[in-house]
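Participant: Could you put together the complete structure from these sequences and hints?
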Amino acid sequence: MTELFIRLMRRPQGFIGVLLLALIAAACLFGSALAPYAPEKIDFLGRFRAPGWQNWLGADQFGRDILSRLMVGARSTVPLAFIATFVGSAAGAIIGVGSAYLGGRTDEAIMRTNDAVMAIPGLLMALLLVSTLGNGAGNAVIAIAVAFAPGMARVTRSAALNVRNQDYVKAAIARGEGAHWIIFREMLPNVMAPIVIESTIRVSFAVMLFATLSFLGVGAQPPASEWGLMVADARQYMHQAPWGLIAPSAAIALTAIAFNLVGDGLRDALNPKDER
Amino acid sequence: MLSVSRRLFLAGTAIGLAGLPRIAFAEAPKRGGVLRMSVDQAASVIHPMQARVNPEYLVTELLYSNLTRLKSDMTVEPDLAISWEPNATLTEWTFKLRPGVTFHDGSPLTADDVVATINAILDPKTASPGRTNVGPIKEVAAVDPLTVKLTLTGAYADLPVALTYLNARIVPAKVIASDLASLSTTANGTGPFKLASYEPDRRIVVERNPAYYDPARPYLDRIELLVYPDRTAEASAMISGEIDLLLTTTPGEYERLVKADGVKALRTPSGQFLNINLGCDQKPFNDVRVRQALALAVDREATVGFVAGGYGTPGNDTPLSSAYHFYKNIPLKKPDIAKAKKLLADAGYPNGIDLTLVASDKPSTRTQLGVAVREMAAAAGFRINVQTMPHATYLDQVWKKGNFYVGFYNMQPTADAIFNLLYTSNAAWNETHWNNADFDKVIDAARVEADDAKRTALYAKAQDMMNAEVPSVISAFFDLLAAQRSYVDGYVLHPRGSVFRLDMVSLGAGAPKRA
Amino acid sequence: MTPAWFARRLMLMVYTVIVVSMLVFTITQILPADAAQSLLGENATPEMLAALRAKLGLGDPAWLQYAHWARHVFTGDFGISMRTSLPVGPEMLTALSRSLLLAVSAILVTLAVAVPLGVLAALRQGKLTDTGVSLIAYLGVSLPEFVTATLLALLLADTLHWLPATGYVSPLEDFGDSIRHLALPVLTVSVILVAHVMRMMRSETLDVLKSDYIRAARLRGLPERTVLFRHALRNALLPVVTIIALDVGYLLGGIIVIEEIFAIPGIGRALMVAITTRDLPSIQAGALIMAATYAVTNTFADMAYAFLDRRIRYD
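Chains as they are written, first to last, in this note's numbering: chain A, 1 to 276; chain B, 1 to 515; chain C, 1 to 315.
The set of hints was computed from the structure by calculation and includes no laboratory data. Among these hints, one or two may not hold up.
[Unchecked claim] Here are some of the chain B residues that sit facing chain C, going by a computed Cβ distance under 10 Å: (1) Ser38; (2) Gln41; (3) Ala42; (4) Ser44; (5) Ile46; (6) Arg203; (7) Val227; (8) Glu234; (9) Asp361; (10) Pro363; (11) Ser364; (12) Pro390; (13) His391; (14) Ala392; (15) Met465; (16) Ala468.
Since we're looking at a predicted model, the values are computed, not measured. Every residue gets a Cβ at the ideal spot worked out from N, C-alpha and C, and that includes glycine.
Facilitator: What follows is the structure, given as structure tokens:
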């Protein structure tokens, strides 16, 4: 583990990615304590105030401090994307490994159905689900998780098929171990690497998907300071106060870049194929 | 007993009205040309009896005509009816139809068409929103081919205004008899324009009706209606000259449009408002002190800034703005947090109160009001959680059922219409359940009062009652905002928000040639 | 590439469409908020609601509605829109044709830009060009479409006035104007696609360049240009077919947002409008057509891959 981390940090993209992630984590943990203003404090005279000493990143249409909203909003943006990805990946991984373990016609049936579900684009799937469950950040998390699961199932299953043919799995089956044991103790641990890489990159998709759902009005709801919602709100005033648009957009982009960098870094660190 | 002047006031006359444009031009309006305009949502219903939103009202106004028409000062003028007269008790009204009017298919307009139309609107099976809005009509009959008599269930002074209602467009009797639903995809009216093509989500095109009853109008050859759902992009299209007219815009875009070259930004005060409905029959708002406390916590001037971007007028908890004829200028409520706290404590909430305010997501100003009120009322001890939901869910689950939510209403043509729509005990949408018998009596008396001064006094009393008892907090009225290219002549932004009169519009010097 | 393989692949496509149709139908069945209420809006009275519900057939049990719907869909009849009273099928297909115009243009732009850049980055691995290309790629995949769209419109339409900010013109009516109006949306979609395809192209080219037969080709003394274009590029391009086909899924989702912003009356916007107004027949038809488009594209991509693979890899 430590060795992996060192290898990750030795690559520039890994190093920058980890640095950015640390920054984002700090914002999630200490954002609300460090924010200069309350994120929902309205100020009639401060409406659309340009960035300056009073509001470093400017103020929005209610005179709320954008920096404070960004800092506090980190907590309602990044962890949710993370949870959505985690749940989706876990569900997908279990389906994928389970399908590979069962093999044969069952595997075929599961994977074909899985592929069929993947034919519905992720955003459309999420939109339909949120409309069914009701708008809101919590339901957006569930929708994103469901939208992610089939893709993860496919990735996991192809890795698991290799593991399935390894001797130690065959031995465990010969020993008469239960399906539960084989899937969770023998196969899953050995397909963790591709799952982790794929999931890390997918967190960046989740951040963007979450923002998009908020933009379409079905994700986080006002007065939340979720970043996608901040961008969506600021769009209405983008010619009066472009700073309202730029700051949260940059935050979303940086977060997505960070997870992409770390994901790529992990991939290289785990499969050092450039060194062959 | 009605005085002579009263009868003249109520009866319509066609003298000199139909042929003359409302606005004096330096020169006569130029004929011809294509007007390209945009709306922010699709006109997905062109059935005149079923239209529900402004772009749909626009299309049906182009294609059809009512008996009467609402002018921008909220009085009526003749349209298909050239004159009308009530009986002494205001329970029977006789309308004379304009002779020689034809539908787009060439068939003549007769009293039978009017009778069939009104009966169809009143038929619950038609499911027309006009059913509760065209007036208390009991019976309608054709006296002769050009005369219609309407019998009412009670006295009603505003019938000619009610007949301007947006769903009361006259359609041919033979369509009603054979296939009324066909009006969802085709059109056959008496309006200034004919339907040329209908692709609701992309473009609707109408062309001049050469047989329109007024030979001078319409001036335009063709109107193209495009759907631009994004308000920001729509304003950009106006600035770059892609479109000639946009019907409505946001305060933020309005400021950009004011500064743009070749664009004339339009603004008119209106009676359109957002309110916070308080369920007066349930805890905690059954206690008038809680309602008064909330009213005193809201800074009305600030609300106009937050919600209307400054383009509006503060409200005083009555639905009448200065754009209404019977508006009473009551001194504006100033925020008084100390008094609000005391009222709340007296009502039994010394430690404040927790509430959930529901706001639908359309239009977005509902949520903005919720967010602003939440912060303003916090100081007085109201801990408000703002819950937003899709408009469809809101209509289904909260509207008329909830006891604390944000409502949004267009200006109505008369004071009677807005009070009877929302605040009397038997209002069509009695959301607040205020059910104040004294208030009902005042409104009923005003409804049949012939004398304008007495009527003014009655409506003043009604406004005082609402201001004092606060069945709903009305803190801001919106100005209507729109924009046109400067070469567009004759467009008047109507305070009602749903009357457009594009038959008066022409293209002046500098207009681009559009194929 | 036997006939049996083809038949199997086609059957899978049909299976996909059936699964999707059931899924979509189930979701539309449990959508909250009543279509009748949402249609009539604030003017609805109880009698009016009851009348409209009966008219729309909202009272039947779910399986009956599905059987009824599936039978009609099979004959090409997707029903009548609850919102506009127009037939859903033709409306959705017209919308799809506009979306495909956008999607195909975006793919062409992507190929023209991403392939050379990806190869260039691979050839200059580790140099400044490579880093620059990678940075652009990271930025491209890290901005949600609505942000990219907004920023591009702000720059190219509102500030520089090069392109119209919104609107759709049919290429059959005015070709030049149509292209001008398509430019911004195509550019927006392309940003993410370019980033994605460029990264793939770079890593594929790197893999191919390290492969044994390229080394063999070099050892044989073939000129670098021949090695690169005749062998490396052709092999590296192969997976791009699959990537593009998979990106069609992203594309179809992404156009929902892009069509909304740029007022393109395509299938994405039609679906968005249908979802917000709870127009069930339109949601069902739109989602099914979208998924079927994805399934068909991927089936053809698989076939193309199999075909090209046989010809290229072992020549």
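Participant: Please list, smallest to largest, the hint numbers that this structure does not respect.
Facilitator: 10, 11, 15, 16
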